[in-house]
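Engineer: Got chain A; can you put chain B on it based on the hints?
Line order of the protein sequences matches chains A and B. Residues in the first sequence are numbered from 2 upward in steps of one, following our numbering. Residues in the second sequence are numbered from 2 upward in steps of one, following our numbering.
Treat the hints as calculated values from the structure; they're not laboratory data. There may be inaccurate statements among the hints.
Each pair may be met inside one copy or between any two copies, as identical chains are not told apart.
[What the hints assert, rightly or not] Result set (SDA-like, lysine to any residue): computed pairs, CA atoms no more than 20 Å apart in a straight line:
no.: 1; residue 1: Lys15; residue 2: His54
no.: 2; residue 1: Lys56; residue 2: Met2
no.: 3; residue 1: Lys101; residue 2: Trp34
no.: 4; residue 1: Lys71; residue 2: Ala43
None of these values were measured; they are calculated from a predicted model.
In case you want the letters, here they are:
2 protein chains.
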Amino acid sequence: MRPIGYVKTEIPDKDVSKRRAEMVSEIVIADQWQDALTDIEAYSHLFVLFWMHKKSDNVIEQRVHPRGDKNLPLTGVFATRSGNRPNPIGLAVVELLQRKGTHITVRRLDAYDGTPILDLKPYDDYDVFQSIRVPEWWAMRCRKK
Amino acid sequence: MRPIGYVKTEIPDKDVSKRRAEMVSEIVIADQWQDALTDIEAYSHLFVLFWMHKKSDNVIEQRVHPRGDKNLPLTGVFATRSGNRPNPIGLAVVELLQRKGTHITVRRLDAYDGTPILDLKPYDDYDVFQSIRVPEWWAMRCRKK
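If we strip away everything but chain A, and leave its shape as in the complex, we get:
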């Protein structure tokens, strides 16, 4: 595992989660990988895989309260997006706004400034599922509309 680049943002760590929807960041890919970005801008959305370098605790709690909210049921960490997991790989679907060389501007990347990027992948029709089931607490609190 090796970083292919880093996240650049001026948003402070503590605000990243709550400002995610409007947050615009820059992904700066190492020059050596410039050719590996060829035509990436033909996609409107990307998966970004990143290393949650500030979340790698030595002790993993297997069950957590989602969002740290004790009113929500204790839930297996694999059923949450919590950062404190056996392999602290973060995953975000982001909007690709612009690419200039090795600099990619994206919206909705919930990663801190300086986060190492592990991979970029195109998001395509096969990643879109429109009728999905989520837990009741998730639907109550987070459902769009």
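Structural biologist: Then chain B, alone, in the frame of chain A:
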């Protein structure tokens, strides 16, 4: 990085890609992580992150013909889902069909028998984007409907 489990399927490697849509596999999570699966079955779809252990070539081609088809334009590897990439992490959105303890039955996991699993994450509304742009060749060949 450590495997949290393995993929179990009887489908031969060579058929995985073309049979993906109907393919049913088992994800066998190590017993030590059983609690980390609590309530995962409340979600209908999951992200599966896996290590493409048969694809870790020493030489990474930065540009590839998607699907190995020379009629398709040379494309940056980060704009493809090709397995031969700097960090060979595979990503699939799968349907969760059933969980029994540490055994999870899923559909649409395009991973070979014996593939190490790195992470499971819930797929939720924030991962669904309905109006997406893909390259022309992708839309021509792969678009559903």
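Engineer: Tell me the hint numbers this structure goes against, listed in increasing order.
Structural biologist: Checked against the structure, no hint fails, so every one of them is satisfied.
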